[in-house]
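S.K.: Next come the chains, spelled out residue by residue.
There are 6 protein chains.
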Amino acid sequence: MILRSRVRMFLAAVSSALTLLILAPAGRAQLNNFSKQELTDYTAKNPFERLPDGRPKVPDALIERARELSSEDVWVVLQDKGYNNQYADGFQILHPGKPMVGRAFTVQFMPLRSDVNDIAAEKAKARGVSRLTNQTAIDMLQPGDVLVVDLFGKKLNGTIVGDNLFFYINQATHGGGLVVDGSVRDLNGLSEIDMPAYFRAVDPTPIGNVMLTGINVPIRIGDVTVMPGDLVVGDREGVYFIPPQYVQAVLDKADEVHIHDEWTKKKFAEAKYKSSEIYGSPSDPNLKREYEEYLQKRLGEIRRERAAKEQK
Amino acid sequence: MILRSRVRMFLAAVSSALTLLILAPAGRAQLNNFSKQELTDYTAKNPFERLPDGRPKVPDALIERARELSSEDVWVVLQDKGYNNQYADGFQILHPGKPMVGRAFTVQFMPLRSDVNDIAAEKAKARGVSRLTNQTAIDMLQPGDVLVVDLFGKKLNGTIVGDNLFFYINQATHGGGLVVDGSVRDLNGLSEIDMPAYFRAVDPTPIGNVMLTGINVPIRIGDVTVMPGDLVVGDREGVYFIPPQYVQAVLDKADEVHIHDEWTKKKFAEAKYKSSEIYGSPSDPNLKREYEEYLQKRLGEIRRERAAKEQK
Amino acid sequence: MILRSRVRMFLAAVSSALTLLILAPAGRAQLNNFSKQELTDYTAKNPFERLPDGRPKVPDALIERARELSSEDVWVVLQDKGYNNQYADGFQILHPGKPMVGRAFTVQFMPLRSDVNDIAAEKAKARGVSRLTNQTAIDMLQPGDVLVVDLFGKKLNGTIVGDNLFFYINQATHGGGLVVDGSVRDLNGLSEIDMPAYFRAVDPTPIGNVMLTGINVPIRIGDVTVMPGDLVVGDREGVYFIPPQYVQAVLDKADEVHIHDEWTKKKFAEAKYKSSEIYGSPSDPNLKREYEEYLQKRLGEIRRERAAKEQK
Amino acid sequence: MILRSRVRMFLAAVSSALTLLILAPAGRAQLNNFSKQELTDYTAKNPFERLPDGRPKVPDALIERARELSSEDVWVVLQDKGYNNQYADGFQILHPGKPMVGRAFTVQFMPLRSDVNDIAAEKAKARGVSRLTNQTAIDMLQPGDVLVVDLFGKKLNGTIVGDNLFFYINQATHGGGLVVDGSVRDLNGLSEIDMPAYFRAVDPTPIGNVMLTGINVPIRIGDVTVMPGDLVVGDREGVYFIPPQYVQAVLDKADEVHIHDEWTKKKFAEAKYKSSEIYGSPSDPNLKREYEEYLQKRLGEIRRERAAKEQK
Amino acid sequence: MILRSRVRMFLAAVSSALTLLILAPAGRAQLNNFSKQELTDYTAKNPFERLPDGRPKVPDALIERARELSSEDVWVVLQDKGYNNQYADGFQILHPGKPMVGRAFTVQFMPLRSDVNDIAAEKAKARGVSRLTNQTAIDMLQPGDVLVVDLFGKKLNGTIVGDNLFFYINQATHGGGLVVDGSVRDLNGLSEIDMPAYFRAVDPTPIGNVMLTGINVPIRIGDVTVMPGDLVVGDREGVYFIPPQYVQAVLDKADEVHIHDEWTKKKFAEAKYKSSEIYGSPSDPNLKREYEEYLQKRLGEIRRERAAKEQK
Amino acid sequence: MILRSRVRMFLAAVSSALTLLILAPAGRAQLNNFSKQELTDYTAKNPFERLPDGRPKVPDALIERARELSSEDVWVVLQDKGYNNQYADGFQILHPGKPMVGRAFTVQFMPLRSDVNDIAAEKAKARGVSRLTNQTAIDMLQPGDVLVVDLFGKKLNGTIVGDNLFFYINQATHGGGLVVDGSVRDLNGLSEIDMPAYFRAVDPTPIGNVMLTGINVPIRIGDVTVMPGDLVVGDREGVYFIPPQYVQAVLDKADEVHIHDEWTKKKFAEAKYKSSEIYGSPSDPNLKREYEEYLQKRLGEIRRERAAKEQK
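Chains as they are written, first to last, in our numbering: chain C, 1 to 312; chain E, 1 to 312; chain Y, 1 to 312; chain Z, 1 to 312; chain X, 1 to 312; chain L, 1 to 312.
Looking at chain C on its own, in the form it has when it is part of the complex (with noise of 0.2 Å):
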């Protein structure tokens, strides 16, 4: 809720600038180099189409259906995946009930220093890359996809948006989301836009004596290093960053832990139970083979359901 004209102004006069180096989408303008081919190579296992900027496209349709995962859903087939590292959490989380899915693009900053950042800005004129601002990257988000930030755990002057931006944001990704190591601003107006975002901090600086280094490149949050194109999906606990390949394997899991979890409800709710009896699986034979054919009942439902929807 800021003029940025006037605050930009001020920052100059002071020192703690915002400058950001500028993604020179054809060359290597950024200190944090990435290019399209090694986003390929490094990304290599992803069964799906890619995005025009080279991040593995998952598709529409399975972004849908990631709306009703949660964290458990997806921890089952990661870690027997041998993936421990794709979990971050400790977030404030501005809507915590809407679940939050997209395609990762990945935003790295670094602390200012001006010597680095001189040079960077150079290279970027030279490729007639004029402006340089955390807007270089905001432009270029696409429908589907959640702006993954890392700032580093920064407070002050750690705020990747207020309220106009993130507001453009929900628009440019159709409701994609934000998760930021870092912080955001306005939070009186991002409250009342409908887009999910995972912050460390709210404050009421805007973005500062940070430099921008990379578009688009592997980055850290937490203790996950995420991949643009990872599936971003995040529920009242956390975020998980799912690689391409996993994301048919833990959505078809969830169908059945979801019909398991119908089940074990239902029977529950008879109330003639002991837990151990029905879960984890029950012992009675009987139970289990119940159980067998309640699961594939519900989920030929399920895909019979599925399939006219997508018909549609």
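Simulated from the structure, these hints should not be mistaken for lab results. Computed from a predicted structure; not experimentally measured. Any given hint could be a false lead.
Computed footprint of chain Y on chain Z; a stretch qualifies when at least three of its residues, placed anywhere within it, have a C-beta under 8 Å from a C-beta of chain Y [as the list claims (entries may be wrong)]:
id : segment
1  : 39-53
2  : 105-115
3  : 210-224
One-sided excerpt, in silico: chain L residues whose CB lies under 10 Å from chain C [unchecked claim]:
id : residue
4  : LYS81
5  : ASN84
6  : PRO243
Every residue, glycine too, gets a C-beta built ideally from N, C-alpha and C.
Given the coordinates of chain C, assemble chains E, Y, Z, X and L onto it according to the supplied hints.
M.R.: Relative to the frame of chain C, chains E, Y, Z, X and L by itself:
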């Protein structure tokens, strides 16, 4: 929201195995022994009947009345009796507006060490107890119980329940509640179940790397020594554990406190007095008398109302 | 929710006695003296009238306008004036969606030491002030005040009020509000009263083991030096303390900022522009002109509307 | 280790200017007033002479004896007198093995706000005080003083001194010492100067963004209200602030405690007793008598020794 | 450094009384029962003799050898056996350069509640145990013991010993040591006694507001379940609790590790190799052979040396 | 102090395998690419020669002079140049009295995810690099280097070295030093090696569950962007990273600061002046002149001495 059988297989393979000691109801199979006789001895001041497992049974009618209690109502009586260590806070609260009241059913876990655990398992098996899980304790819950668990603040693998077992506990205790110095999982699922819960953290991992060391033994939650059968009272602030012998006194005093609050606010609402003319107690003898009459009148009403209700 | 007379007896017995210094309105009985003349001197830049106690009186109409302010609206003006220490956060907020605005009524407590306290009590008595409680300060509150209390972050026995006195403050200040670098009690009761409150913690104990050392003296809340009569503005993030001489500038600038936000979002909603084409300020001269016209038109509307409202 | 004139220029330019209020010795120029008369009134229980500035003057001979005190020696007397808020810890200690003893010379800073600061500067100038720095306070230190500073835990720009001023304080106080709820700089330099110091943090920045608000006023350090002239005693654990009226009692009790420790360890060294046969006090009447005789003998020796020393 | 009888009187008066449960050596007077038979059962894998109290007795010769162990030496064996919960750190260390080795003598305290405590006291009295203090446990210490105490991280009144009892423990255990998840007092005095100690904090208050609930029962220190008789090994980092059955394996492996370190550094000192040519193991077959020969030679030397020493 | 081959086997088995990316010296095999050309470009302001790997080479003579620097000496110049993000603290310091100076050799790790790691390993293998360990980086260290490692604050399995590799680094860098935003192991062993080290924590586990993502790339340590070749200066407080272009200015300014300190203390030692008469700069024109003459004389002496030394 996870198939436990599957989970357990994984865990067994990776060594953070979920291996739990069983409570041998008729014997001494748990590490931390506390027999029914000991329980009876150490809660000798209990003025009420006992549950079959030996715990004091605060009557249902008093539990119902206790739903009106706040932490402050309990504090005023317990500090007066010299009990300054019965309150724990710092929890995440699942449903902040919903009061939690019930009889403490205590469970203790300790960090896993397999030499101790193996022997406990043998001892359990010798008594015919074959399955070793946290569900052993959960299956023993009674209507009116609050499950109180010492998981020593553990977050990762310190998750006493997910939504399935939480659903079961709700059924079994008739909405009693959960206090865990540890974590829970499936927060999305939990938030849809209308039972109070107090926990330190949330994590997507299942319980593991711990051993069950006691059921209905004295345990420590924060700075409180909790005894089985204590009346557990949770509000928006934290949780009080009331020794059964003080439950009646707390409830009776609360009647007075509530009437005093009622009268105080009524007088304040008249906007004719400074706060100190009315509160803590009126300085003007006329007001003092007015209050005393109000107190007696309202106490009479409340008691008649309560008696009427109980007769139905 | 507690009978204070009873409490006081207990406390006296156990030595964490609630013994408070009195403010002698016409004299110098408090430890931390700050006379009406000093208050006037140190707030000499105040452009408004003063309250009888000497505090600057930001006009009611400006208080009303200030309900629209966010922390960011204040930041943009105060940092421009070189005031970087007027914001405090890290509070628990009672009603996050409800703005808090009012004139700072400041109170300071320090840790009890009875040698100092006894002398202060004698001094007070010599001036005819017989009762020594925190209510002395509370009884002086005026409509439009926000009670701002330095209890040095104390949780246990650092509870400035429970629900009875919170109710009184709401009456006395006409819903002004409370900021305490300390705690409150009776959270259940507080949450039913529709007045804003910012506090560090909640505890069931009453205030104690402290002494009142100043009323309407300069105090410190977090990294802010708060002066009596500052305009207190609280939103979902934290609390700003605005020196009276900048209130008008903040409000006028906020009008512009809000119009700018309005226009920016309107343009973003058209989905025709990249964020950097519109925000901070439009790059295209036509858009720039469009914005300038919009700004003037809306400013005019707002001012007319406001004038109309004030005439009624 | 920095040229302050240079520093000041920088700071002035960047707005975190080091601008400090002066103490007008004969008047009321500081924000937080506390006149010599008030100081005398509030320390009326002082049994000793006073320093010219009005502070109680604990005699040099008692300061010398107090070098043997530990925090425990002080605790035993002060808790007995009902003073439970006189101890602060959590400090970094410059020379852990070196005791700190001296008379509290208190200084208070608050976060800078220039409206208040400007008026204070004018008031000071009107009294002929032209330079406004923290050195104003430091220049007033006397032999036997310990400088006690409230910098509200500030690390960045909360550095009360570097090695030059620390050297000066050592000269001026004859090795008295420093307690700061804030930071110091030049730790390399400080560690070469043989004066005790207790601080919260170390930072390379100079003091700034604060204003001096009081000299020899009551201040708060942690949970202690420190009065000017309190006897400051620091050991390996933390710092005690002893009201002058209890200094003699503390020292006399300490003689007994030290003899008791001496005797207890002597008996333990004989390896003939269980700890409970000797400590806290001997159970066997013969041992009890032995101890009583030892105590009287040693007390006599100590007193004669002390008297002899004082005669020299 | 305090007369306990005096202290106890005060404490009794103020209600944070030091009231401790007694261990009835021949019976079941403590809250947390764990009989000699149970201790024997749960430490059945112990390959050594036992102490009269039932604890495994790791031989003196192995304790002597264990003084060379570092945490890393223990880690390599215990993780290999699947024991990942035997290490605790985060302690303040009294003498960082001095190794601590001994047999765990465990003690457990819980927060005081007088209903439970009174009954325990009666039970103790019925068995002829009249004095109820922490010294009951301390008086049972044997040469070679390390006192390991669960005081649940308590600082205030969580001080297991001061310098007198620390002196006694040093005598009784022949310099064994102390680990307390709680605090100590008299740090000045402690630092003059040459026994290792690991504690969470230091405070001038004596122990109080707790009850002794177990001696030589399984206890939790951080994330470790400590069994009586575990070999306690402390170095500059933290403390390992080694189950007796792995002591020999740890020590034998440590011989190899130490020789490997010796050889590695010798080769590095020659400055002819890159680190990866030598460490973890040499890539060059000749170097590999050289190492193997060195290992065998040194192992032989060490064993002969050790045998010679033991024959003396 | 551990056989790494053994360790690696264990780790592979349990899935927290130590699998590291290799730096392909001639190519682009690391995730975070930063070619020699880029390094040269981004450090274009370097006034010195370069090392073969492209890093600026601050001359040995200046490194030698820099051993006298304190953090404050660096601060005064860098803040003046507008560099406020070059200082990191909060480390455990191995040898607090020993200065650390050298050229930054930077290494970056990120949390392991095996899809990315596998591809990096293939890329490395394609370039003939077969062994993948942290030793790849360590083996590239040169005399005068300080190893600076981003391990994102990781404690468990975040141990960059134990005593064997620490010994190697000491050899290879000629005592340069280590800064790690992570942990070390073998603290007993490390403390016997006379090389400076700054780390966040100590843990007995070896490095694992991470992947090496860059060597001599820009990295972040706390709030500092560290460039390869920065001059690293560590004292008792923390660590400064000085861009090469400011090294000469820092050293020259430090001469003046040290002379100023010398003179200031000399004057203070005379005990004739108040601190403000001498420090920051003398008020009396005669003293000012005296200081100026002293400064010139001492600067001359220092320069002659230095020249003489260099001629030898």
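S.K.: Confirm or reject each hint.
M.R.: Here's how the hints hold up against the structure:
Here's how the segment 39-53 of chain Z fares: 5 of its residues keep a CB closer than 8 Å to some CB of chain Y, so the rule of at least three is met and the hint holds. Chain Y is given as covering the segment 105-115 of chain Z, and this holds because 6 residues of the stretch bring a CB closer than 8 Å to a CB of that chain, at least three being needed. Here the segment 210-224 of chain Z counts 7 residues with a CB under 8 Å from a CB of chain Y, which clears the bar of 3, and the coverage holds. For the restraint placing LYS81(L) at the interface with chain C, the shortest Cβ-Cβ distance is roughly 8 Å, inside the 10 Å limit, so the hint holds.
Taking 10 Å as the C-beta cut-off, the interface hint given for ASN84(L) holds, the closest approach to chain C being about 8 Å. At about 5 Å, the closest approach between the beta carbon of PRO243(L) and any beta carbon in chain C falls short of 10 Å, and the interface hint on this residue holds.
The structure fails none of the hints (numbered hints given earlier).
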